[in-house]
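**Student:** As numbered in this note's numbering, residues 1021 to 1553 make up the sequence shown, in order.
You may find that some hints are simply not true.
[As the list claims (entries may be wrong)] Derived lysine-lysine pairs resembling BS3-like cross-links, with alpha carbons at most 30 Å apart:
id : residue 1 : residue 2
1  : 1199      : 1255
2  : 1218      : 1124
3  : 1097      : 1124
4  : 1175      : 1486
5  : 1486      : 1124
6  : 1082      : 1124
7  : 1219      : 1271
8  : 1082      : 1240
9  : 1218      : 1305
10 : 1255      : 1305
11 : 1199      : 1219
12 : 1449      : 1255
13 : 1449      : 1218
14 : 1271      : 1097
15 : 1082      : 1097
16 : 1082      : 1199
17 : 1255      : 1271
18 : 1097      : 1360
19 : 1219      : 1240
20 : 1519      : 1097
21 : 1455      : 1486
22 : 1360      : 1271
23 : 1455      : 1519
24 : 1255      : 1486
25 : 1218      : 1199
26 : 1271      : 1240
27 : 1175      : 1305
28 : 1305      : 1519
29 : 1271      : 1175
30 : 1271      : 1305
31 : 1082      : 1486
32 : 1199      : 1175
33 : 1124      : 1199
34 : 1082      : 1305
35 : 1218      : 1175
36 : 1097      : 1449
37 : 1449      : 1124
These are computed hints drawn from the structure, not numbers from a lab.
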Amino acid sequence: MNDVDARPSRRRVNGRGPDEAAQQESSDELAALLARRLGYVFVRDLSEFPVDPAAFEIVPWKAIRRQRALPLGFDGKDLIVAVADPTNVIGLDDIRTMSGRNLKVIVARAAEIEDMIARYDRLDQSAQVLLDEAARDHEEEEQELSTVDNAPIVKAINRIISQAVQQRASDIHIEPADKDVRIRYRIDGVLNEAMHTKKSLHGGITTRLKVMADLDIAEKRLPQDGRVTVTIEGKPVDLRVATLPTSYGEKVVLRVLDRSKAVLSLEDLGFGPESLMIYRNSVSKSHGAVLLTGPTGSGKSTTLYGTLAEISDPTRNIVTVEDPVETRLAGLNQMQINNKAGLTFATALRSILRGDPDVIMIGEMRDRETALIGIESALTGHLVLSTLHTNDAPSALARLIEMGIEPFLVASAVECVVAQRLARRLCPKCAVPYKPTREMLRWSGWDDSVHVDTLLRAGGCSSCSKTGYRGRVALVEVMPMSEDLRRLTVEHRSAEEIKRQAIAEGMRLLRQDGLVKAADGVTSVEEVLRVVA
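Work out the full structure: start from the sequences and follow the hints.
**Tutor:** Below, the structure written as structure tokens:
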């Protein structure tokens, strides 16, 4: 025995005392042994198992609670069900009969199944059912319907948001049409239709969301934007709410900013070894500007957060100015823009420069004043990270000059430009291999000297909701500033000339980077062409 205090410990493990923890471990081993003997898979951590919300729709919740059997998803036409007691054949037969499907049984800890049943039981009514219930009550006053906490429309909106978070949606679109209202989720960068509801509920839905975001419910002719924080399954989720007047009424878009998502490393984002080495060399410098370009939703902010997390240390004063602050990082001073109060990017930057910063992150260079302060800061001993809206890396230099920044300042300050797009990752469980033809490779953009034996295309399974894709990866175009590129910039040469020089120096274009990832089986050729065609 080690020389330690042998008195009984009062420390609790995962909320349990040592005796309870030991009993739980013994129970786990017995469950795992029973699963092996009966030919079932034992899952130690059920929270990591992918859950398909559609599985809950085909088994009544009374049966789920009574049999302690949790539907998790689908394997082909079979229903995947988690149970703690696989010998309960009567209960399994009950689930099989009610679902009308054969069962694929997995075994898990009873406590985990109880917890998940309790969690999903709170969301047992689908948003569509709740919307239908609200439609039956649409004769009520709009204001009352949208503000009473137990009103069906309030429950429906909460369920819509919960369902979006469960399905990893980045945006929720609520769109009025002539006769109904369409609700869509953007998942992995692609909009998917989720449900429709009656047009009579449109006013109640928009009013409720405006109340949540502290917007003017009487103003329906002008766009508005606000923010609200909700709690989903015990986790805080920020929603950025934007309204847009359309010919059929106000459209509402909710941007989902999940605080619980971890900041990804640059390797996880999709930087290849060579591109990563160039980029890291640029952000490791004490001064200069590093710019990320791409359209809205191309992952620029995610890359910036990953960069800040990597370079952050106690010896550096890192200050960010953002609109909005999407992810809070420890050790950083993050400033939220407030245009109504007069706190713009430009005014915030002036204040930041008086606070002795080492690294400044500017959410976006939107105007000449902000860009000029950022570029001048990069020339006076600060590392400046920011984003621009351009289609490729070489165009960023021309864009700054078009904004009114002198070419010699751009050439001197900019150290590196990264253009990026987000492509969907192939689902590893259902990707389908195939042999491409030479014509297909040539049409996709591969050089004739490249030989690719096998590629993968999207399949479709329960883990990826039948889409064939799960998660996203960045396609990147990294352009470090060389002396020749600086000279072309000072001479005010076109973006096309700068691009040709960058390619001659070894820059890999977005499509080429995507094709490399397709050859590695990360994504499909079809997906690469979709995002960089």
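**Student:** Does each hint fit the structure? Answer for all of them.
**Tutor:** Here is how each hint holds up against the structure:
1. Restraint check: the Cα-Cα separation between residue 1199 and residue 1255 comes to about 36 Å, which exceeds 30 Å; the hinted pair is violated.
2. Restraint check for residue 1218 and residue 1124: the C-alpha separation of about 37 Å exceeds 30 Å, so the hint is violated.
3. Only pairs whose Cα atoms come within 30 Å are accepted, and residue 1097 paired with residue 1124 is accepted, the gap being roughly 10 Å.
4. For the hint pairing residue 1175 with residue 1486, the CA-to-CA distance comes to about 28 Å; that is within 30 Å, so the pair holds.
5. Among the hinted pairs, residue 1486 with residue 1124 is consistent with the structure: their alpha-carbon atoms are about 18 Å apart, no more than 30 Å.
6. Taking the CA atoms of residue 1082 and residue 1124, the gap is about 20 Å. The hint holds against a cut of 30 Å.
7. Distance check on the hinted pair: residue 1219 and residue 1271 sit about 12 Å apart at the alpha-carbon level, within 30 Å; holds.
8. Proposed proximity of residue 1082 and residue 1240 is contradicted: the alpha carbons are some 43 Å apart, above 30 Å.
9. The straight-line distance between the Cα atoms of residue 1218 and residue 1305 is roughly 57 Å, outside the 30 Å bound, and the hint therefore fails.
10. For the proposed pair residue 1255 and residue 1305, the alpha carbon gap of about 37 Å is over 30 Å, so the pair is violated.
11. Between residue 1199 and residue 1219 the alpha-carbon distance is near 6 Å, which keeps this suggested pair within the 30 Å criterion.
12. Pair hint residue 1449 plus residue 1255 holds up; C-alpha atoms about 28 Å apart against a cutoff of 30 Å.
13. The hinted pair formed by residue 1449 and residue 1218 fails the criterion: a straight-line CA distance of about 38 Å is larger than 30 Å.
14. Of the supplied pair hints, the one linking residue 1271 and residue 1097 is violated, its CA atoms being roughly 37 Å apart against a limit of 30 Å.
15. Taken as a hint, the residue 1082 and residue 1097 pair is honoured in the structure, with Cα atoms around 23 Å apart against an allowance of 30 Å.
16. At roughly 35 Å between alpha-carbon atoms, residue 1082 and residue 1199 are farther apart than 30 Å, so this suggested pair is violated.
17. Distance hint between residue 1255 and residue 1271 is fulfilled; the C-alpha atoms sit about 27 Å from each other, no more than 30 Å.
18. This hinted pair does not check out: residue 1097 and residue 1360 have alpha carbons roughly 54 Å apart, beyond 30 Å.
19. Taken as a hint, the residue 1219 and residue 1240 pair is honoured in the structure, with Cα atoms around 16 Å apart against an allowance of 30 Å.
20. For a cut-off of 30 Å, the pair hint linking residue 1519 to residue 1097 is broken: about 51 Å separates their Cα positions.
21. Of the supplied pair hints, the one linking residue 1455 and residue 1486 holds, its CA atoms being roughly 23 Å apart against a limit of 30 Å.
22. Of the supplied pair hints, the one linking residue 1360 and residue 1271 holds, its CA atoms being roughly 23 Å apart against a limit of 30 Å.
23. For the proposed pair residue 1455 and residue 1519, the alpha carbon gap of about 33 Å is over 30 Å, so the pair is violated.
24. Proximity of residue 1255 to residue 1486 is assessed by CA-CA distance (about 27 Å); at most 30 Å being required, the pair is judged to hold.
25. Taking the CA atoms of residue 1218 and residue 1199, the gap is near 7 Å; set against the 30 Å cutoff, the hint holds.
26. A C-alpha spacing of about 10 Å is found between residue 1271 and residue 1240, which places the hinted pair at or below 30 Å, so the restraint holds.
27. Annotation: proposed proximity of residue 1175 to residue 1305 is violated, straight-line Cα distance about 51 Å (limit 30 Å).
28. A distance of roughly 24 Å separates the Cα atoms of residue 1305 and residue 1519; the hinted pair therefore holds under the 30 Å criterion.
29. Using a Cα cut-off of 30 Å, the hinted pair residue 1271 and residue 1175 holds, with the two alpha carbons roughly 20 Å apart.
30. A threshold of 30 Å between alpha carbons decides the hint, and for residue 1271 with residue 1305 the separation of about 45 Å lies outside it, so the pair is violated.
31. Distance hint between residue 1082 and residue 1486 is fulfilled; the C-alpha atoms sit about 28 Å from each other, no more than 30 Å.
32. Among the hinted pairs, residue 1199 with residue 1175 is consistent with the structure: their alpha-carbon atoms are about 23 Å apart, no more than 30 Å.
33. Among the hinted pairs, residue 1124 with residue 1199 is inconsistent with the structure: their alpha-carbon atoms are about 42 Å apart, more than 30 Å.
34. At roughly 61 Å between alpha-carbon atoms, residue 1082 and residue 1305 are farther apart than 30 Å, so this suggested pair is violated.
35. Pair hint residue 1218 plus residue 1175 holds up; C-alpha atoms about 16 Å apart against a cutoff of 30 Å.
36. A hinted pair counts as satisfied when its Cα atoms are at most 30 Å apart, and residue 1097 with residue 1449 qualifies at roughly 16 Å.
37. Annotation: proposed proximity of residue 1449 to residue 1124 holds, straight-line Cα distance about 16 Å (limit 30 Å).
Of the numbered hints listed earlier, those contradicted by the structure are 1, 2, 8, 9, 10, 13, 14, 16, 18, 20, 23, 27, 30, 33, 34.
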